[in-house]
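These are the residues of each chain, in order.
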Amino acid sequence: MAENKKPLLKAEDVSEVFGGLKAVADFNFYINRGELIGLIGPNGAGKTTIFNLITGVYVPTTGEILLDGESIVGQKPYEITQRGIARTFQNIRLFSELSVLDNVKIAYHCHVKYNLLETVLRMGRYFGEEDEITQESLKLLKIFKLDEHAHEVAKNLPYGAQRRLEIARALAAKPKLLLLDEPAAGMNPQETHELMEMIRWIRKQFDLTVLLIEHDMSLVMGICERIYVLEYGMIIAEGTPAEIQNNPEVIRAYLGTETVN
Amino acid sequence: MNSIRKRDLAMLIFGLILYGAIQGMISEKIIGSFWQLNIILICVNVIMAVSLNLINGYTGQFSLGHAGFMAVGAYVGVVATVNFQLPLIAALILGALCAGALGFLIGLPTLRLRGDYLAIATLGLGEIIRIVIMNIEYVGGAAGFKGIPHLTNFTWVFFTMLFTLFFIKNFVNSSHGRACIAIRENEIAAEAMGVNTTKYKVMAFTIGAAFAGIAGGLFAHQFYLISPNSFTFLSSFNYLIMVVLGGMGSITGSIAGAFVVTFISAALASFPEARMIIYALALILLMFYRPQGLFGYMEVTNFAPIKKLLDKISGNKGV
Ligand SMILES: Nc1ncnc2c1ncn2[C@@H]1O[C@H](COP(=O)(O)OP(=O)(O)O)[C@@H](O)[C@H]1O
Ligand SMILES: [Mg+2]
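As you go down the protein sequences, you meet chains S and H in turn. Under the working numbering, the first residue of the first sequence carries the number 1, and numbering increases by one thereafter. Under the working numbering, the first residue of the second sequence carries the number 262, and numbering increases by one thereafter.
Do not take every clue at face value.
[Stated by the list, open to error] Taking lysine to any residue and the SDA-like style, the derived pairs with C-alpha atoms no more than 20 Å apart in a straight line are:
{"#": "1", "chain 1": "H", "residue 1": "K430", "chain 2": "S", "residue 2": "K76"}
{"#": "2", "chain 1": "H", "residue 1": "K267", "chain 2": "S", "residue 2": "D131"}
{"#": "3", "chain 1": "H", "residue 1": "K267", "chain 2": "S", "residue 2": "F127"}
{"#": "4", "chain 1": "H", "residue 1": "K267", "chain 2": "S", "residue 2": "T134"}
{"#": "5", "chain 1": "H", "residue 1": "K568", "chain 2": "S", "residue 2": "E118"}
{"#": "6", "chain 1": "S", "residue 1": "K176", "chain 2": "S", "residue 2": "L67"}
{"#": "7", "chain 1": "S", "residue 1": "K10", "chain 2": "S", "residue 2": "E225"}
{"#": "8", "chain 1": "H", "residue 1": "K267", "chain 2": "S", "residue 2": "M123"}
{"#": "9", "chain 1": "S", "residue 1": "K174", "chain 2": "S", "residue 2": "Q75"}
{"#": "10", "chain 1": "H", "residue 1": "K460", "chain 2": "S", "residue 2": "G74"}
{"#": "11", "chain 1": "H", "residue 1": "K267", "chain 2": "H", "residue 2": "I278"}
{"#": "12", "chain 1": "S", "residue 1": "K76", "chain 2": "S", "residue 2": "S99"}
{"#": "13", "chain 1": "S", "residue 1": "K113", "chain 2": "S", "residue 2": "E132"}
{"#": "14", "chain 1": "S", "residue 1": "K139", "chain 2": "S", "residue 2": "C110"}
{"#": "15", "chain 1": "S", "residue 1": "K155", "chain 2": "H", "residue 2": "K568"}
{"#": "16", "chain 1": "S", "residue 1": "K174", "chain 2": "H", "residue 2": "I449"}
{"#": "17", "chain 1": "S", "residue 1": "K10", "chain 2": "S", "residue 2": "T62"}
{"#": "18", "chain 1": "H", "residue 1": "K430", "chain 2": "H", "residue 2": "M272"}
{"#": "19", "chain 1": "H", "residue 1": "K267", "chain 2": "S", "residue 2": "E118"}
{"#": "20", "chain 1": "H", "residue 1": "K460", "chain 2": "S", "residue 2": "E118"}
{"#": "21", "chain 1": "H", "residue 1": "K430", "chain 2": "S", "residue 2": "L67"}
{"#": "22", "chain 1": "H", "residue 1": "K460", "chain 2": "S", "residue 2": "T62"}
Honestly, the hints are just simulated from the structure, not real lab data. Here the structure is a predicted model, which means the values were calculated and not measured.
From just these sequences and the hints, can you work out the full model?
As structure tokens, then:
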């Protein structure tokens, strides 16, 4: 149990500078195994940039990011995914011309063991693994209520369904840590509520640790155990939902720049 | 997944029937030497189009130098058979290895480029390959390589084509192929799903180049003489037309594209001016009415009646 005390993900003094703009400044945070953490803040605060730093899309200007105690700074995004971090995108990035099912199947990529020869000659592990991938993908689609749309083209799905498909696809990569960038954006209250239940459920079912960016306060306050608040690239508050709701700094940041929704 | 095996078998049997029919007509002299040559060219062009489609259509990397790799396969092949007295099969394999190796070496740096830049770089490289060959006296320089034995026949090209089709079909319908398609659809998302995008771009490019090399070897042993001018930028462009016409990302489309383009060229062989006009018109009409190509992303096996038939043969209950 001692090793469970070590955080799954830790950022130490991470900064990211774009030209003259300091998008993230001296960012420090940690997530323990099994936690569900929220990251909130006004638009342009640097939340998505933090996701891009964790997933290797950007390399931090300074600082260290540790997964399971090992540095992942400088690794390529695909290497970080293989190490167990998967994400969704704020501006949806599905494989839009492909079927819903194929979108999910692609994400099993780093767990496939059959090699090129087995592929081309269709022998050995090929059939067994392909069968398994299809079955598991269909199971995931079912969880996200997308199984009836499995053979539709992804771009034809309604917006909320596309967001759910992004989560299903990220889960197919079998991550330890799931990063969700505004998963409820564009969803109505009913859909948001269902999404909240789904996130709770998959987290238990798949033994996940989740980091979530979200503007919908009912969602954030409803499921997160701890919340970090970001403004101008800096953390201005950290704590439980109740602590955050009553934090004067947070109220100022939100009322000062945009209305609470 | 026994049903997939049975579908493969059904397609193989269809291929054998087609082979038997055409070979029969060739033996009975129903098909004369002119059309026999064009049938062979269709098969060679199918190999070229399908292998280019793997790069351009499936992986979404715009390559314009495919004829360069064909030239490598052709020249390596004729040197193997003429200067080293090797059999055709060895010549084809050597040609594929050399073209594939060159594709790998060229792909590694150039595939970092995107879109138009990659197109220009590959176009330039295709021309460089041709000009280099033109300056190697050992293979005849600009005058060309003479005295090639006529080793290619319908049987060779047909079964090599069949092999290519099965190879690329199986590759595309696998996790490796899905990785390539993911790159085409959204490179950032592909990388986020654990796809090593550089590796798969280079892999698609290398496989495509190797098959162009095989096509080159078959092509060269059909004629007494080959010259660097058989592999200009214009022929690269011709293969691209076959892919675009048939549908980027459809094997059926590439077969149809190779067939239509070769057939039109042959039918209009005595009116070269009309040929260019018809080409241009066909492309303009296509871009207006069917920009995704004749087949788009569809395969002939996806069409309802054929799918039903194949399901029946393979005993698939249908998903
Ligand atoms: N690639 C980039 N180049 C330059 N500036 C960027 C880049 N990515 C983000 N930014 C800037 O960094 C700041 C933080 O952006 P972002 O992380 O997207 O905010 P959030 O997700 O919190 O709304 C913004 O001012 C944005 O314009
Ligand atoms: Mg954002």
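Hints violated by the structure (numbers, ascending):
Checked against the structure, the hints that fail are numbers 1, 5, 12, 15, 21, 22, while the rest are satisfied.
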